[in-house]
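Visitor: Using the sequences and the hints given, assemble the complete structure.
The residues making up each chain are set out below.
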Amino acid sequence: MSAPNASTGNTERTAVADTAQNGATRVAGMGSGRYIGKRAPRKEDPRLLTGRGQFVDDISLPGMLHVAFTRSPIARGAILSVNTEVARDVTGVHAIYTQQDLAVFNADMISFYLVSPDIKTTPLADGRVAYVGEPVALVIADNRHIAEDAASLVEVEYAEEDPVVTIGDARSGPTVHPGRDDNISVQMGEEELDEELADKLDSAPHLVTQKVVHQRISQSPMETRGVVATREGAQELTLYITCQSPHLVARWVSLALGVPQTAIRVIAKDVGGGFGLKNHPWKEETAVILATMLFDRPLKWIEDRYENLTASCQAREQEMVLQVAFDNDGKLLASHGDYSVNNGAFPQLSECNIAVHMFVWAAYKMPAYGFLTRGWYTNTPGYAAYRGPWGMESLIRETALDVAARRIGIDPIEIRRRNLVTLREQPAESVMGIPLEDVTPAECLEKLLEKFDVGQFRAEQASLRKEKRYLGLGIATYIEPTGAAGAITTMTGELAQVRIEPTGKVTATMSTHSQGHGTATTMAQIFADRLGVPYEDVSVFEGDSSRGGFSPGAAGSRQGVIAGGAAIMAADLLVSKVKTLAAHVLEADPGTVTIEDAMVRIEGSPEKSRSLAEIANIAYGEPDRLPAGFESGLEAQYRYQPPPMTFSSAANACVVEVDVDTGFVTILRWISSEDCGTAINPAVVEGQISGGLAQAIGMVLMEEVGFDARGNPVAATYKDYHLPAISDVPDFEFVHASTPSQSVGGMRGVGEGGAIIGVPTLVNAIADALSPFGEVPVELPLTPTRLLSVIEGRDLGAKAGSETTAVMASQPGAAPVDATPETPVAPPQATAEDATEAVRIDGDWNMALATPMGAQEMTGHFETSGETLSGYLASAEGQMDFTGTVAGNKLQFDLKVVKPMKITLKYNLEVNGDKISGKCKMGIMGSVKVTGQRAT
Amino acid sequence: MSTHTVTMTINGRRHTGTVEARVSLADFLRDQAGYTGVHLGCEHGVCGACTVLVEGNAVRSCLMLAVQADGAGVTTVEGLAAADGTLHRVQEALMNEHGLQCGFCTPGIVMTMAALSGEGKKATETELLDALSGHLCRCTGYQGIRRAAQQLAKPEAMDTANGEQS
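Residue numbers (the working numbering), protein chains in the order written: chain A, -18 to 917; chain B, 13 to 178.
Be aware that a few hints might be false.
Subject to a maximum C-alpha distance of 25 Å in a straight line, what follows is the list of computed SDA-like cross-link-like pairs (lysine to any residue) [to be verified]:
1. B:K134 <-> A:S708
2. A:K700 <-> B:A143
3. B:K133 <-> A:S708
4. B:K166 <-> A:F715
5. B:K166 <-> B:T98
6. A:K700 <-> B:H56
7. B:K166 <-> A:R650
8. A:K486 <-> B:T98
9. A:K250 <-> B:K133
10. A:K700 <-> B:E55
11. A:K432 <-> A:T470
12. B:K134 <-> A:E858
13. A:K428 <-> A:K181
14. A:K312 <-> A:P416
15. A:K181 <-> A:N309
16. B:K166 <-> A:S708
17. A:K700 <-> B:R34
18. B:K166 <-> A:A706
19. A:K250 <-> A:K428
20. B:K166 <-> A:K181
21. A:K432 <-> B:R159
22. A:K700 <-> B:M76
23. A:K250 <-> B:A143
24. A:K700 <-> B:A93
25. B:K166 <-> A:L649
26. A:K250 <-> B:A93
27. A:K700 <-> B:E139
28. A:K700 <-> B:L77
29. A:K432 <-> A:F715
30. A:K700 <-> B:Q162
31. A:K700 <-> B:L141
32. B:K134 <-> A:D712
33. A:K700 <-> B:N69
34. B:K133 <-> B:A143
35. A:K877 <-> A:E858
36. B:K166 <-> A:P22
These aren't lab readings, by the way, just hints derived from the structure by calculation.
Guide: Set out below in structure tokens:
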């Protein structure tokens, strides 16, 4: 396995270097030779450029009817009555369903981790509504026009209640979901600052407290969500759905509906972008699938943009405070992070974003870090992923470093040089225990500086300031975990199946799925390169759950890394098959066989050359000519399990000018210096980075999903939700470092990076430009209004009107760290007096650990003898014995586990009657809640 | 709802259909005429994905009613390439410059550029970029789209089929 790794790695390095110099260098005559590292034209383009793509709305089935939803106009309240009579009477309406009708299926709308969510999530509202836009009734009609007409005639009576809209509201307001103690969906870390860490922060020569308020983002793929569902008899279900992986959708639907996966076929040939929104079905798609089963006709629902902007799952909306202590040389001493994210009412995963803390200092020499991290339920659309979901770590760290540099009086580049872990200093381990072997942010930064003359810029900046023109330079560095496989249920290896057809042409089926990623192109490049056939001879298929095998598709910057490795391995298996057969048929040594340009050649015997098609014909059709034991045909498959994680690194720089009269920002230059290892196709790599950077520009300058105080969305069209246009995005310049990774082929993921590093890069540039006016509060987006408030020295927060984020920032209780008095703490602790009655501890308990991946259920067995506690915890994964101590109603015990990492779990529990509660401290990961009751 | 008979010449073929007055040109082209290359990204005239040519002019087909196009000549993205499959030079330029990823916004971008760089027309880079500022693409960051526009505006780009770069 190491051979292909090393060899491809090195050749690509050269190939990349050759082409990267000029962003537009193109490969002349893609006829033969090495394809990895070339800017090959995309296989996907001819059909997409001529209108022959197949997106979900392009599917039309015989007898198909159309769906529209009646949605809640209020953010919180009880449904008193639903009257569908008038709507039902509209000509062309076939049926109207509410949750009562769909409840017969008892669908379990599982999270991205494929476990039941903490709060029951139903396809249509179940007695209550929890956000504006929540679907309440589903109308089936002849066409979409009629369905919408009828949906507006469904009469729903609500008892409206005051909504919980912001994270601030969630801290102090009523509970979004009845029956819960508070609005915390999930929490990790420690509520109390560790004393030792507090000392380090307090005693440091410089302490920077950086606060970031990140607005809510709409993923906004240009193709909205949509599904066409059809039941093929009682046993089979076919779904055409716009998604990030047909395989994940099939698995999700199978588990959610309790039907065998073999009964489900999911097809998604072309998908108009996903960006995290289309990982798996959610309320509307599930409702349509169930309605199809109930009504037994093919149904189509295509989300319109209004629904997409106001009622789809959304992303980000986070607040974080990062304290960072420095010594007098600007070296890092200690840090603490307090993070909150708005999960909305029905998130696709209960997110407290532990990754923010895992990676915030991963590439820096940070001696000590502590954190508290929480997700909050609110009466808003649910949380879903968006490209670089943990990007807050780079945003807050890189902006804090610039603030520190200004305060301490050192150069922002220098503060990074002093603290980044360089390649020479590795292997190393981060403060959170992440092993670093080959991350290169420091090296990317130096490469970047070769392309950008900082001294010259500073001189220009100084001279222009005299003319009242304000230019700024922003620099940021980061690393990103990519190609992860093995730690999360859904994140697996990738499968490549490849065959040389009897015609000599190559077809492959991959577990990948492109929503613009160009995997049919990059994988074909790999096959052509490894098999020795022309690129034009290779076709790659994906996008159908009945082909290939499971993978989550586009999620976590993984496809190039893992599927690339799978393609290399599968191709190599096939090459060895061809060599064995050719050597046998042509009476040669297998070591002398080469395949190039679809010709099989024997070294030193040119007369023995045969076309690949001839050899393939023998392999399939002439069993008598095959060597003994040779499996006929030329087919191979390989599922590649990569290293657990592969890091990408980057450094970016951008130059802006801020017009101090208008507050408008103009981006003058942007350089991306990234290390994504082997670039299979540099044009695809640069396309991924560019798209991410454009989304970063959107996040920093213009995009915002906002709500008024009643939870009504205020951005309902693209006239209110501003996506960057061509005029907002500059030309990007690229530097590729290309340090091969340890994954087969040497690739590193590149899908999300631009959206992560672009944000702090641009914020830092704006802050640098406006530094003569003071620090720029990092409340995104940095609209002209917000920037003018800095330029003109006004406190925008003080006179906040109905503008949502402004409201959030202006509430004193909203700041994560200042909020201690209002912070709901762990469930009410029972007093010691309760325990004076004989506490019954012995016996079995049904317990649950509230982890970010969902509740982990287990049975606890306790036996007490004096102050000694013994027993075991049993779960699906096995049983572990422990001994510990008892004091009154308080139990204490430790468990050492080795998977997924070596860690000691420290349990502190308390028994009150038939209830048990407390915490489990999971080492560096902090504490999670434990709850449970006596088993009966 | 009243219905109307409309006739259009779409991509050179005559097409007659019956529509309700409220049916947009985009829905007519997609659902009745079968030109699903017309993509609907927002249905309120901002994203530009549904752009088609009506009598040679770039039009947002989501903002025009089918009845308004009665009698008109319409070109969709399906009608641009030559009968033998040779791509229009706008399509060629976008392909060469990696100007698309998911391809959903692409038909609209192609049509706007084709309206300005079609047969006998030669827009400047500024004209092309101005027109493109009315299109939204969530994938590419516009890099390849801009390069394609620059290629099309170059004097030597006229009538070259393969868009090979100097």
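Visitor: In ascending order, which of the hints set out earlier in this document are inconsistent with the structure?
Guide: Going through the list in order, the structure violates hints 9, 11, 12, 13, 19, 20, 23, 24 and 30 and respects the others.
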